[in-house]
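With the hints as constraints, model all of the structure from the sequences given.
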Amino acid sequence: MADTQLTKKYFASDAEVKWCPGCGDFAIMNAVRQGMVAAGKPRDEVAIVSGIGCSSRFPYYMETYGFHTIHGRAAAIASGLKVANPKLDVWVISGDGDSTAIGGNHFIHAIRRNVNLNYVMINNKIYGLTKGQYSPTSEVGQISKTSPYGVIDYPMAPLRVAMGMGATFVARGLDKKMKLSEEICIRGAKHHGFSMMEIFANCVIYNDGAHNKITDKETGDNYLIIVRDGEKMIFGADNQLCLVQDGFAIKAANVADVADADILVHDEKNVEMATLLTAMRPDAGLPLALGIIYANDSKKPYDDLIYEQLAAVKSKRGRSMDDIMREGHTWTV
Amino acid sequence: MAENAKLTSAEQIVIKFTGDSGDGMQLIGNQLTALAALDGNDVNSLPDYPSEIRAPAGTVAGISGFQMCLGDHKIYTAGDAPDVLVAFNPAAVKHSSKFVKAGGMIITNSDSFTEKAMEKVGYTSNPLEDGSLNGYDVKAIPMFTLVREALADMDMPNAAKDRCKNFFVMGVLCWLFNKDKQLVLDFIQEKFGPNAKKPKLQVAEANTMAFKAGLNYGETTIMFQERYDLGAAQIEKGLYRNITGNDAAALAIAAAGEKSGLRPFIGSYPITPATDLLHYASEMKDVDLVTMQMEDEIAGICSAIGASCAGALAFTTTSGPGLALKTEAAGMALILEVPLVIVNVQRGGPCTGLPTKTEQSDLLQSMFGRNGDSYLPIIAANSPADCFDATFQAAKIALKYRTPVIVLTDGYIGQGSCPWKVPKMSELEDLTPYVNFWKPEDHPGEKYVSYKRDPETLARDWAIPGTKGCQHRIGTLEKDDTGAVSHDPATHQRMTEYRKAKVDNLAQVLPGVEVNGKESNKVLVISWGGTYGAVKGAVDRLIEEGKPVSGVNLRWVWPFPPNLGEIISRFDKVLVPELNMGQLSLMLRAKFLVDVQSLSKVQGDPFREYEVIDKVNEMLGE
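Protein sequences appear in the order of chains Z and G.
Sequential numbering from 1 applies to the first sequence in my numbering.
Sequential numbering from 1001 applies to the second sequence in my numbering.
Think of the hints as simulated: they come from the structure by calculation, not from any bench.
Treat the hints with care, as some may be off.
[What the hints assert, rightly or not] Simulated pairs of lysine-lysine, DSS-like, Cα-Cα distance not exceeding 27 Å: (1) Z:K316 - G:K1116; (2) G:K1452 - Z:K18; (3) Z:K8 - G:K1468; (4) Z:K87 - G:K1400; (5) Z:K9 - G:K1094; (6) Z:K9 - G:K1424; (7) Z:K41 - G:K1447; (8) Z:K314 - G:K1197; (9) Z:K316 - G:K1198; (10) Z:K8 - G:K1439; (11) Z:K18 - G:K1447; (12) Z:K8 - G:K1198; (13) G:K1439 - Z:K87; (14) Z:K314 - G:K1447; (15) Z:K41 - G:K1198; (16) G:K1447 - Z:K87; (17) G:K1424 - Z:K87; (18) Z:K9 - G:K1439; (19) G:K1468 - Z:K190; (20) Z:K314 - G:K1452.
This is the structure we're talking about:
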């Protein structure tokens, strides 16, 4: 294989992958490699930053520049890295604990600044590396080592938070839906701005079956919807269900019961629609939205703005260091 | 009359301004500092303000102060007890009169001594009249009355006229210290005149008139029997400007960027008393300085480390509590072995402590405030102007050794100011040789190995993202020489030893310290950072008096300079005055097994020379 040929294999390192057999992360790594192929940068212009957690071992398995850093801070580190060299294709691989608990502050502010990062948050609703404690995305009632009688914290919805921070790209994937995850990583890689990609993964050891409701072969499809820009939002094992407007909200209906024109059409540039779609939960009678929920590049990324401002100040003030050092009152002895 | 006031020559004068916070004390202090410096004096100043932005007016808690020392010789501190106190209201008199030298002058605004104002600070009778200030040379000037008279023809409210009292006082002081009035007139024009950034013509005119009224007041009243004239100080030839430590550090960051050919980058978060550094740096976009105001202290250092990983010259700026938050990430820079400079403007601690007050109590935090064996070099700036060189040097060492370096300044030198001989960029050391990124074209036939080390400095080979064919992974887990994760016991031992040796080796190339005074003597006084001025002044005076005392100043506080142990061994006793409970003393005792005596002060206030002198005399049994 020619070194310059961008394939998934081109981005794979020689390191032995040490995730548990059956871990959802394998599928996601495959999707991310596909995203890198799509981004079109040679691997020596790609950097992956991760924090701490099972998912954060990711950089070691990638034949790119990789930085395995500290718990929760990958978004801040990657922001500095991207600003210092905007030519790099920068990916952040993080988990639900890393992003929404210890790193919550950096996660939300990187979104707010719209730093041009590809941010993959692998959500398995559990702390795996520390062997099974509940995370901010764990469900109420979930049994874990630190919640032997069931979780009583209410879960966080990372994509709703992302919408609240003014995200410009919001997508959700699922380890088992490999094609969809690839699609998301490809679009995310190409998006000019912060690409928030939440991908649900199954932790076979500590939270096996966490996503059973949506992955069940028989009924799973009744609880999820894959949204596609410009397409009617129809879902269900037999495509029997759809989404319709209900006042300021969205509700699920039987396709048979509603007029064709009343079925909502997904518009990935519609911020209000995306806000509603990210809020949908199966336990609230609405399907979990997967796919590219929001994509709108009308906001400039932070790293573009920083260099525009540098150039603007340079052309307006244009001082040299010697000028600046001699400003104000000076005198000669 | 003017003829009655005789002109006395003076070597140095200490002046303190106090008034309501927000009443322009820092401004008038800085103006007089600039005026004296322009006139050739050496100057050192110390702002002193409460942490509340606008504490209740007229209360002792709300007093903001500014002390300065001007002299006809090298001035190292803002001085001990003030010769002249300008206290703008009863609260200021109550707060500050006790600091004034016996027989010293207190200039105050008698118009502000209303019953209500006096009652507010607990004066039951007027201290200007009841003799409680006997022993001081009190100049009670009805400033509001005089300023309003001078501005009688100006169409502006009395409150606005009253604000011109500061320039009235500048007039009095300009006369009193025989300074060139034109410099102040020019300053007013520069600040408020038609060519100012935000012209305020009426304010310019009113302040000019108030200033002239102050000059005339000095000249025509018989209130002052003496005027003082300070000759120009013998200072090194060159172009000077007055500068605060924080501004000097900001300039050094931009300058080090330019001299290294790397983009200077600051990832930071606002914190007193370091914030001014970020303010000034944020203006320097035209010299390519990137500043990122992050969401917290941790993100500040983390963004800087990210930038460093990409090949920028990265800095983070903070104060004590912020440094505490940065500890884990500082360890990350250390184990990744990437350059990073942490500028820590120390303040009173622990925790929130005394945000606006100075202290040197982050030394041990800087030394040991990380998990694991995690040594890094620490350099301490010894004056406001020295913050430039200390920060520049830190950048050089960070690059050369691929290590985080901590620059310790403090609230006193960060916010205080002194004249700075402005270097030309062309005179500064070229830092490009220390950048030395690993590139395949420089190593034909060789494969990049991320933790292969330079045999001399032990700095690792460093290829930044974007370097053709050098993609590799580094991380915060222990690794072997190839950068691969390793939990092998012997590898961890070896890598820990490398990281320590890298810092220890720095000592071998550091310049040795110079002894101020005899090379061998009874007492050695060791200063570091902000204590330099008071110790230097004190030791100079003691030497003049023939006392068997010498001094040494530590610029690098870790690693210790190579000749320090040997110097210490030549003295009977060692004294370390420091603004903490003996942190350097602890380190010196541990390193050199010597019975160091500690002079501790944690009052949010720098040492006065006499405090050091008294302690030394006590140690000499005198």
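Evaluation of the provided hints:
For the suggested pair Z:K316 and G:K1116, the alpha carbons sit about 52 Å apart, so the restraint of at most 27 Å is broken. For the proposed pair G:K1452 and Z:K18, the alpha carbon gap of about 26 Å is at most 27 Å, so the pair holds. Distance hint between Z:K8 and G:K1468 is fulfilled; the C-alpha atoms sit about 19 Å from each other, no more than 27 Å. Restraint check for Z:K87 and G:K1400: satisfied, since their Cα atoms lie roughly 26 Å apart, inside the 27 Å limit.
For the proposed pair Z:K9 and G:K1094, the alpha carbon gap of about 78 Å is over 27 Å, so the pair is violated. Under the criterion of a C-alpha separation no larger than 27 Å, the hint pairing Z:K9 with G:K1424 is inconsistent with the structure, at around 53 Å. Using a Cα cut-off of 27 Å, the hinted pair Z:K41 and G:K1447 holds, with the two alpha carbons roughly 22 Å apart. Annotation: proposed proximity of Z:K314 to G:K1197 holds, straight-line Cα distance about 18 Å (limit 27 Å).
Annotation: proposed proximity of Z:K316 to G:K1198 holds, straight-line Cα distance about 18 Å (limit 27 Å). Note on Z:K8 and G:K1439: the hinted pairing holds, with a Cα-Cα distance of about 26 Å set against a maximum of 27 Å. A C-alpha spacing of about 26 Å is found between Z:K18 and G:K1447, which places the hinted pair at or below 27 Å, so the restraint holds. For the proposed pair Z:K8 and G:K1198, the alpha carbon gap of about 59 Å is over 27 Å, so the pair is violated.
For the given pair, G:K1439 sits about 18 Å from Z:K87 by alpha-carbon distance, which is consistent with the 27 Å threshold. Pair hint Z:K314 plus G:K1447 does not hold up; C-alpha atoms about 40 Å apart against a cutoff of 27 Å. About 49 Å separates the Cα atoms of Z:K41 and G:K1198, which puts this hinted pair outside 27 Å; it is violated. Between G:K1447 and Z:K87 the CA atoms are separated by roughly 24 Å; this keeps the pair inside 27 Å, and the hint holds.
As the CA atoms of G:K1424 and Z:K87 are separated by approximately 33 Å, the hinted pair breaks the 27 Å bound. Proximity of Z:K9 to G:K1439 is assessed by CA-CA distance (about 25 Å); at most 27 Å being required, the pair is judged to hold. Note on G:K1468 and Z:K190: the hinted pairing holds, with a Cα-Cα distance of about 22 Å set against a maximum of 27 Å. Distance restraint check for Z:K314 and G:K1452: the Cα-Cα separation of roughly 40 Å exceeds the 27 Å cut-off, and the hinted pair is therefore not satisfied.
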